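Colleague: The chain contents come next:
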Amino acid sequence: MWSWVAHRITGVSIFFFLFAHVIDTAMVRVSPETYNIAVETYKNPIVGVMEIGLVAAVLFHALNGIRIVLVDFWSNGPRYQRQMTYGAGVIFLVLFVPFVIRHLTNVFGH
Amino acid sequence: MSTPTISAPRSKVGKSNFELNSWLFMRGSGLLLVVLVFGHLFVNLMVGKGIQAIDFAFVAGKWANPFWQVWDLAMLWLAMLHGTNGLRTIINDYATKANTAFTLKTLLYFASAATIVLGTLVIFTFDPCIDPNSTLDVCTNR
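So the sequences go chain by chain: A and B. Heads up, the first sequence is in the numbering used here, so the first residue is 182 and it goes up one at a time. Heads up, the second sequence is in the numbering used here, so the first residue is 3 and it goes up one at a time.
I should point out that these hints are in silico values taken from the structure, not numbers from a laboratory. This one's a predicted model, so the numbers in the text were calculated from it and none came from an experiment. Any given hint could turn out to be false.
SDA-like mimics (lysine to any residue), calculated; alpha carbons at most 25 angstroms apart, straight line [what the hints assert, rightly or not]:
no., chain 1, residue 1, chain 2, residue 2
1, B, 51, A, 290
2, B, 51, A, 289
3, A, 224, B, 107
4, B, 64, A, 225
5, B, 64, A, 223
6, A, 224, B, 137
7, B, 64, A, 232
8, A, 224, B, 57
9, B, 64, A, 202
10, B, 107, A, 202
11, B, 51, A, 284
12, B, 64, A, 252
13, B, 107, A, 197
Chain B residues, not near chain A, derived (Cβ > 12 angstroms throughout) [unchecked claim]:
no., residue
14, 8
15, 23
16, 76
17, 136
Quick look at which bits of chain B chain A covers, simulated, 3 or more residues with Cβ under 8 angstroms [what the hints assert, rightly or not]:
no., stretch
18, 42-53
19, 88-94
20, 99-113
All C-beta atoms, glycine included, are put in the ideal place defined by N, C-alpha and C.
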């Protein structure tokens, strides 16, 4: 139930970011300077920290999505759905923690 | 006691499988997007100087390679269609008035179509030497 709610919230959040992300990338067709100004926004420390939230949303949505696919298509999926939720949590941490360390180092260490 | 009669399924002739197909598409595109988006995040944010390395020259370097053009194009289309279909489902669930649902979905489809067209044009018409005074290698060596 809660993973279903979180799947919707993270999905909508990522989708709205995608609109912004296509538009900022489209600035490469205006001029190199315009694109560099747009992408500079992402290097701002406050936005840099928000990107951690975005990556958390992507990781949750991806791992929970894989769990949904397994529940739907793997014959033992429904039986192990709870264990798979815990498994997704472990994989989330394994991927998320190194990302946070790396990203914070890049955002603040230049 | 007679056996209860089960009425034959009502005609499926002309009925579309759109909802079944979109249900399948969400799972198929979702799995592909895990690979595409994780690869995108790893190459752009984890390798080298991460986000600090991203600028016009970085994009020019990536899109000089057809591999990354195809990667980004596939990611754009799949993510936009996956997100559009997801939001369509959410509108169907929460917008109880038919008019509200119709308006929201019309807006959604226009915004999505415009974004897919914009993104596709950007990938295919990208010009690394858009600035005539560019000092990038591809522009000075010709």
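Colleague: So, for every hint listed, does it hold in this structure?
Modeller: Quick rundown of the hints versus the structure:
{"no.": "1", "hint": "B:51 with A:290", "in the structure": "holds, 10 angstroms"}
{"no.": "2", "hint": "B:51 with A:289", "in the structure": "holds, 11 angstroms"}
{"no.": "3", "hint": "A:224 with B:107", "in the structure": "violated, 34 angstroms"}
{"no.": "4", "hint": "B:64 with A:225", "in the structure": "holds, 23 angstroms"}
{"no.": "5", "hint": "B:64 with A:223", "in the structure": "holds, 19 angstroms"}
{"no.": "6", "hint": "A:224 with B:137", "in the structure": "holds, 23 angstroms"}
{"no.": "7", "hint": "B:64 with A:232", "in the structure": "holds, 22 angstroms"}
{"no.": "8", "hint": "A:224 with B:57", "in the structure": "holds, 11 angstroms"}
{"no.": "9", "hint": "B:64 with A:202", "in the structure": "holds, 17 angstroms"}
{"no.": "10", "hint": "B:107 with A:202", "in the structure": "holds, 21 angstroms"}
{"no.": "11", "hint": "B:51 with A:284", "in the structure": "holds, 9 angstroms"}
{"no.": "12", "hint": "B:64 with A:252", "in the structure": "violated, 37 angstroms"}
{"no.": "13", "hint": "B:107 with A:197", "in the structure": "holds, 15 angstroms"}
{"no.": "14", "hint": "8", "in the structure": "holds, 27 angstroms"}
{"no.": "15", "hint": "23", "in the structure": "holds, 15 angstroms"}
{"no.": "16", "hint": "76", "in the structure": "holds, 14 angstroms"}
{"no.": "17", "hint": "136", "in the structure": "violated, 7 angstroms"}
{"no.": "18", "hint": "42-53", "in the structure": "holds (count 6)"}
{"no.": "19", "hint": "88-94", "in the structure": "holds (count 3)"}
{"no.": "20", "hint": "99-113", "in the structure": "violated (count 1)"}
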